[in-house]
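**Student:** Position chain B relative to chain A; hints supplied.
Chain by chain, the residues:
2 protein chains.
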Amino acid sequence: MVERMVYINGGYCFESEAKVSIFDRGLLFADAIYEVAGVIDGKLMDFSAHMQRLDRSLAEMHMEIPYDHDGILEIMRSLVEKNQVEEGLVYMQFTRGSDGDREFLPSAKLSPTVFGFTQHKTEQEKKANITGIPIFSSPDIRWARRDIKSVGLMGSVLAKWQSKLQGGEEVLMHQDGFVTEGGATSFYIVKNHTIITRPISNDILHGCTRKALLELVQNSHVGLEERLFTLNESMQADEAFITGASTYVCPVTAIDGVQLGDGQVGAVTKEMQHLYLEMARKEAI
Amino acid sequence: MVERMVYINGGYCFESEAKVSIFDRGLLFADAIYEVAGVIDGKLMDFSAHMQRLDRSLAEMHMEIPYDHDGILEIMRSLVEKNQVEEGLVYMQFTRGSDGDREFLPSAKLSPTVFGFTQHKTEQEKKANITGIPIFSSPDIRWARRDIKSVGLMGSVLAKWQSKLQGGEEVLMHQDGFVTEGGATSFYIVKNHTIITRPISNDILHGCTRKALLELVQNSHVGLEERLFTLNESMQADEAFITGASTYVCPVTAIDGVQLGDGQVGAVTKEMQHLYLEMARKEAI
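Going line by line, the protein sequences match chains A and B. Residue numbering for the first sequence follows my numbering, starting at 19 and increasing by one per position. Residue numbering for the second sequence follows my numbering, starting at 19 and increasing by one per position.
Isolated chain A, as found in the complex:
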């Protein structure tokens, strides 16, 4: 199997050669953030939204990186080109770096560790977008700063795992009686031709695909409500779907074994898939 070319700290190398110190704060404290941009037709989707969110994560973590948006764009494009990605994603992670030892508080001057790699879209992901997926619910046990795109992801991993054991392809997390979001996606229900999704706060990630989609909804004939809703309301919805950088708009056909509507991909979901892909394709850079 041909190795991917990956980026690390200013250069490109084979994936098997890309390594970080055991003292990297990303490894010792999950002191790191990341971004994932979708790739379509060999171009980057929603790039400026990802850069806005990256800046926000960095500010909230009190981190600085020696890259501007153009620098990151160049790295992401190089990764796509070197690995001939037509459809898939580019992942980039930014850790606070290493001060050569383990102390909770970082020493004043650290040089961030930055690495990136690509993935090709899998057949399974493509199929999910056509047929939809069943999901299962789980309490949201993550930290209180889900707005930061941190690598401290075990709350999501354990929840997704729990769902998978029941046959779910994503998890639907809930807290204090209300749905928060998916394990790695934003979540939406559709009732009476209106899309309902949780408003952004520190309780959920500020999804880039979510942002793009809601702009499209506002310019469509479909209604939009940003409000809290329960798991029970979700199970009584006409349709449901999730969104993510590499997921696009993916239909949800059942929650906790309860079929939504007639169990087929709904009309509003299909329309959103179409609208999003059309826009994303046109605006990919």
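One should not assume that every hint holds.
Repeated chains share a single entry, so a pair holds when one copy, or any two copies, can fit it.
To be verified - Listed next, the in silico BS3-like pairs over lysine-lysine satisfying Cα-Cα at most 30 Å (straight line):
| no. | residue 1 | residue 2 |
| --- | --- | --- |
| 1 | K127 | K139 |
| 2 | K37 | K100 |
| 3 | K37 | K127 |
| 4 | K127 | K61 |
| 5 | K37 | K209 |
| 6 | K182 | K100 |
| 7 | K127 | K209 |
| 8 | K229 | K209 |
| 9 | K127 | K145 |
| 10 | K144 | K127 |
| 11 | K100 | K209 |
| 12 | K209 | K288 |
| 13 | K145 | K61 |
| 14 | K37 | K300 |
| 15 | K288 | K37 |
| 16 | K182 | K127 |
| 17 | K182 | K300 |
| 18 | K229 | K127 |
| 19 | K209 | K182 |
| 20 | K37 | K229 |
| 21 | K127 | K288 |
It should be emphasised that the hints constitute simulated quantities derived from the structure, not laboratory data.
**Tutor:** Structure of chain B alone, referenced to chain A:
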């Protein structure tokens, strides 16, 4: 400066040579746990309690490692010896390993990444145990599974950082009106010759030093109450202290700028310091 000898995946090497793949799940998902054992007189403190907690963390994370307690004891002792640690700590981290790519759910068969290193006790830590430290409070924003000794530590890091900016040497976290614990330590108050500390649950780490100390308290003339208590009650306490594997019993002399008692290290705290160190020295292996 002489490099430390560290342990990684079956061997020992210079610290600058110890590296992990960028695809290690410890780095991408904080999918890793750790243990820290104190070293005194060149011997390991509370070793069996640390191994019990390690087994518990592994089980809760659905992780397996190809080491038994004797194997880990041998590694920890070798690290202490190779680095001539008289007083300090041995840190060991266990990640789920890498499956060569990034997927939320691990592939079936992963080989864990295991590494360990030592630290010598600093003069600052020694001084803190004598004079006590001021601490500042912060909301507890960590995930709901604080009983797992996970490397997803940014909730603690950000809180400790916030405290440090105010002059605090540790943070006192609180949630729903009640104190949880320190950023990397267990927390106790003393009122009318009785030690009060939060009972263990998923809300706090099950401290090994805490466990050892509470056994000593139960065999002493000092009272013990395991119950919830508020930040306000803490500030009105006669004394307060924190415990941790490398902290031992460290006096707290002020909370949020409010001096406790007469601002000196209290009699009960001093007695606990004495009792703990005497026991730990005797039972270190």
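**Student:** All hints, please: hold or fail.
**Tutor:** Evaluation of the provided hints:
1. K127 / K139: Between. Shortest inter-copy distance 23 Å satisfies the 30 Å Cα cut-off; intra-copy 38 Å does not.
2. K37 / K100: both (19 Å within a copy, 25 Å between copies)
3. K37 / K127: both (21 Å within a copy, 21 Å between copies)
4. K127 / K61: Intra 35 Å, inter 34 Å, cutoff 30 Å: neither.
5. K37 / K209: Classified as neither; 48 Å inside a copy, 51 Å across copies.
6. K182 / K100: neither (33 Å within a copy, 45 Å between copies)
7. K127 / K209: neither (52 Å within a copy, 42 Å between copies)
8. K229 / K209: For K229 and K209, only the intra-copy Cα distance (20 Å) is at most 30 Å; the inter-copy one is 53 Å.
9. K127 / K145: between (47 Å within a copy, 26 Å between copies)
10. K144 / K127: between (44 Å within a copy, 26 Å between copies)
11. K100 / K209: This pair counts as neither: shortest intra-copy Cα distance 44 Å, inter-copy 66 Å.
12. K209 / K288: within (14 Å within a copy, 64 Å between copies)
13. K145 / K61: The answer is within: 21 Å in one copy meets 30 Å, while 57 Å across copies does not.
14. K37 / K300: neither (36 Å within a copy, 42 Å between copies)
15. K288 / K37: So K288 and K37 fail the 30 Å test inside a copy (42 Å) and across (46 Å) alike.
16. K182 / K127: Between copies only: 17 Å across, 42 Å inside.
17. K182 / K300: neither (35 Å within a copy, 48 Å between copies)
18. K229 / K127: neither (35 Å within a copy, 37 Å between copies)
19. K209 / K182: within (27 Å within a copy, 49 Å between copies)
20. K37 / K229: neither (34 Å within a copy, 38 Å between copies)
21. K127 / K288: neither (50 Å within a copy, 37 Å between copies)
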